[in-house]
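Chemist: So the sequences go chain by chain: A and B.
Each residue of the first sequence is one higher than the one before, starting from 1 at the first, in our numbering.
Each residue of the second sequence is one higher than the one before, starting from 152 at the first, in our numbering.
Hints are not guaranteed to be accurate.
Claimed, not checked - Partner residues aside, some chain A positions facing chain B, computed with beta carbon under 10 angstroms:
{"no.": "1", "residue": "Ala56"}
{"no.": "2", "residue": "Ser63"}
{"no.": "3", "residue": "Ile117"}
Keep in mind that the hints were calculated from the coordinates and are not lab data.
Where is the CB? At the ideal position from N, CA and C, for every residue including glycine.
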Amino acid sequence: MNEPLQPIVVLRNVEALQARVALRVTAALSEYQALGSSPDVDARLRFAREQALAAARRVRTVSAAAPASIGMSGGAAVLGGVPDATPWWLRLGSLLPLAILLAGLMLIDHHYTRSQIEAAAEVDAAILTDELPPEAYRDRGFVEFLKTASP
Amino acid sequence: MATDKELSDFLKSVEKRAFKRTAYTVRNDDAALDIVQDAMIRLAEKYADRPPAELPLVFQRILSNATMDWFRRQKVRNSLIVNLSEFEGADDDGGDFDLLELLDTSNGQSGTESAADSVGRTQILQLIDAQVQELPARQREAFLLRYWEELDVAETASVMGCSEGSVKTHCSRAVHALAKALRAKGVTL
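Excised from the complex, chain B in its bound form:
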């Protein structure tokens, strides 16, 4: 059973990423904060007795469900039709794109950045943030769960309710799309 401190530390460690991930999806900071709060309380009320090691996966699942609940409520409230095609995403896998082009350049520049470049660096980070937000929802979710939340493929598949193969495909497409878009804008990491 997780103690108060373990639960608090866990929530503190995930809350900002959880907020950002939700904000990417719902594109509304206030709604994202509400969803994260709802997910935190659900976790605390129903799963606080779980061992600390189980909390990350359970929390991500609760957060995903809370986000879907929010979309459902919005759909009912506004009588809007959610564009499901967004969740599937475009087949923009950039199969022929060479990822090394992005990395090779970045390796050469990472050690030469100075304080004078900080403004430029912020703009680059902003651009990366925007490109992540532009990803199709399912690709973005898989990418963030897998690489930002550091879940493995099976855990990501469990949270997303899809197969491990789908997770790999979504991640691959997301990485290629990001690399292609960033390179097109002259951004290096």
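Chain A with its partners taken away, still in its complex shape:
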């Protein structure tokens, strides 16, 4: 006598039946697509494919140009965009002229300040060591005497 089927067996039968129907429907879709293929659509798809291949070649070229150290990071470097291929010492070297310029400016500033201090010190020393008291230079008559007396 026939025994009733177990629920799991019935479920598998239903799934298999669904799959058979589905595959026939999709086969019909493929057949219809092959029949109704438009030249315009085919041309557009071919163009899209060529664009994609060109993009892939571009990415590969950039990846190949990058140094091996960047290649070690694997897919993450590719996914994160095109990495900068300039080595660190070259980037540091590009900062060298700026550093020299800044050092030169600081040196000039230091020299100018020092020469001003030295000039002021010389004047102060001359005034203080002179026989005339500094107050003499406040006298208008003495200043006028110095102007007329100088050659």
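Fit chain B to the supplied structure of chain A, relying on the hints for placement.
Modeler: Quick look at chain B alone, frame taken from chain A:
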């Protein structure tokens, strides 16, 4: 890493189905072509270093995302509200429908088709195409990914961003809805 030829062969093998699947969803051939092109370029730019075996799943995911991006852009551009209920679909599972009725008839007829039936055959194919297009979006997506793109349940769930149970439910409902609609129109496969 996929070579140029492997990538080209892969794209050639999926491009027409990708276009059709997208055209079903966006109902605009030009937009579908743009979306497929966008997906192809994204795949080539970001994932061309992947092994060829991984490309189908990655491509389907990119295509689905590109399609959703298109809907988002359309929504912003046209200030239209996308009818989300379409994505959920009606609960038309046709639980009592006997799938065998469709298959039994088709088994009997598949070997008897002659060249004279070609016009009728084309009309049948057109009708099947239209019925697939009439499916709710999520059901159609699950059905096409699972059976046309031949992804397994887990891969389909991954592409659709849902559970495997949901994929099975969507597929089952889609098959029953298709079978019921085709049988109602007297179509056999």
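Chemist: Now tell me, hint by hint, if it's right for this structure.
Modeler: How the hints compare with the structure:
Hint status for A/Ala56 relative to chain B: holds, with the closest Cβ pair at about 4 angstroms, below 10 angstroms. Restraint check, A/Ser63 versus chain B: the minimum CB separation of about 8 angstroms is within 10 angstroms; hint holds. Here the hint on A/Ile117 is broken, as its CB sits about 65 angstroms from the closest CB of chain B, past 10 angstroms.
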